[in-house]
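Q: Go by the hints and put chain B with the ligand onto chain A.
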Amino acid sequence: MKAVERVMAARASNRMTATDYINALTGGTFLEFHGDRRYADDRAIKAGLGMIDNIPVTIIGLEKGKNTQERVARNFGSAHPEGYRKALRLMKQAEKFRRPVLCLVDTSGAFCGIGAEERGQGQAIAENLMEMMTLKTPILSILIGEGGSGGALALAVANEVWMLENAVYSVISPEGCASILWKDANKMAEAAQCLRMTSHDLLTMEVIERIIPEPEDDKAEFFATLKEQIIETLCQYQTMTDEELTENRYNRFRKYGQTVKIYSFEESNV
Amino acid sequence: MFNSDFFTFLKPKNELEKLPSERSNGNERPFIPESLLIKCPECKKMMLSSDLAENKRVCVHCNHHFRMSARERIAVTVDEGSFVEINGDMTSKNIINFPEYTWKLANAKNRSGENEAVITGICTINGYKTVLFVMDSNFMMGSMGTVTGEKITCAFEYASEHHLPVIGFTVSGGARMQEGILSLMQMAKTSGAVKRHSDKGLLYITVLTDPTTGGVTASFAMEGDIILSEPHVLIAFAGPRVIEQTIRQKLPKDFQSAEFLQTKGFVDAIVSRAKMKEVLGKLLMIHGYKNTLSVQEEKEEILPDDTTAEEDIE
Ligand SMILES: [Zn+2]
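Chains A and B supply the protein sequences, listed in that same order. Numbering of the first sequence is given in our numbering, commencing with residue 1 and proceeding in unit increments. Numbering of the second sequence is given in our numbering, commencing with residue 1 and proceeding in unit increments.
Each hint should be verified, as a subset may be incorrect.
[To be verified] In silico PhoX-like links for lysine-lysine, alpha-carbon gap of 20 Å or less:
1. K96(A) to K195(B)
2. K277(B) to K56(B)
3. K92(A) to K195(B)
4. K129(B) to K282(B)
5. K104(B) to K261(A)
6. K45(B) to K56(B)
7. K275(B) to K129(B)
8. K93(B) to K255(A)
9. K96(A) to K136(A)
10. K187(A) to K66(A)
11. K277(B) to K136(A)
12. K261(A) to K275(B)
13. K195(B) to K136(A)
14. K275(B) to K255(A)
15. K104(B) to K183(A)
16. K2(A) to K187(A)
Keep in mind the hints are simulated off the structure, nothing from the lab. If you're wondering where the values come from, they're calculated on a predicted model, not measured in any experiment.
Bound-form chain A, shown alone (with noise of 0.2 Å):
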């Protein structure tokens, strides 16, 4: 598949959103909480707490919803920071009862507007890189759909990221990479390619530790495996101490950029 099937494929509007991460996850055990206990609350972010199988587990999605009237109520999935602040805010409560937590990522982007700049959108995200560094319980991000840059970001600072095989994560939008450069958002297929934004090139990158196969007909199958794989790797990270959680989260990210790497990417599914 070429990179720009991908983001349609990651766009699509029958795709799974993280409400169904959630139920098939929790079996149906979620609390959703609300707020940031400081401005409001922000729906574009669904987070509370569940049981995956035994474990307890703070969740923490970015929902874009499901039909036209509940992407409208939940911004499309573009967070504000109230968004960011209610993560935190969840993730601190996590830390408390070193239970762990899981991100679920499916966004173009934070929200840019008016009320997003005035309340701090890069303030909010900044402290959610900060905080989120040194928390003291195990952090899993899977990105399901879309990676929108920073918006992205401020909820997969984690001890470990993965990616369905057909999500996206990028720097920037192929759109906005192209109307930059090339002053031709049309060419968007292109900056796709040239962002190495696929789950297979960010895994050359070590930017992710691992591709989750596409679900096929059979969902139940599909949730089985990943219920399993999350649950062994969160009982790995269960056990090592405050100092190994977040020194292996910190040398996670100390590596990218430590020496000069000229990467090359395998192009047989351009």
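A: For chain B with the ligand alone, kept in the frame of chain A given last:
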């Protein structure tokens, strides 16, 4: 091309400053051949470029703060001769083989005379020793690539190791898209280094300069214990044009200015360039860092004249 895109993207055209190489066009007066005249984009009055330089690139008529290069910034901020650069030879490469990036890097180096969009080092400010990083808008609009992030991270790690404060001057168009996701990762990496430095009880002061936007705003620029800004700086996560396109309406004139952000609670103090050094020195003093000048004087009083400098304070 990339730079000028970002310039126009961030500022209305008429406010664009002329580059040193372009300044002579039409501005030269025959009766003052050595001194070029500069027009202030704010008050439209003319002044000699030498007067502007003397005044730290602040308009002598209306106090408008012109942009300045990282080297000029260092020169007006630190104690003369005190700056020691770290990692000065580190430089970016075209790591994901992005079209035209190799050429753009060469062009940026040529234009700025620097190897990267940030200069890092150690210096003293009014006698107080500190780690310093200064971004440069002449290098790809201060965009953050992997080497930019690496230099800043190394600066924080050095400061953590040597129990030093960090002062950072930011100017940036955001993450450098030519390095793809790896430039985004620098936001997390630098934030981690800031957090570790902070957890050691060490001071970090950010000074926002025009413009500070995108991934830099959403990482280390907003992570200072104390956030200062020069006057009338554009501070944004999303630039004004992106917002106007998203919401399809015109933004108010001073939206996203330092003054606006201060009323919203995101800037501790707006400090004019003329006062900046004094304020930074005072903040370092208040936080209990040792003044190397006074340490030196103390030593001289205690020690007899003929003592060798072996035990001298570093
Ligand atoms: Zn003026």
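Q: Looking back at the hints listed earlier, which ones does the structure fail to meet?
A: Those not satisfied are hints 10, 11, 12, 14.
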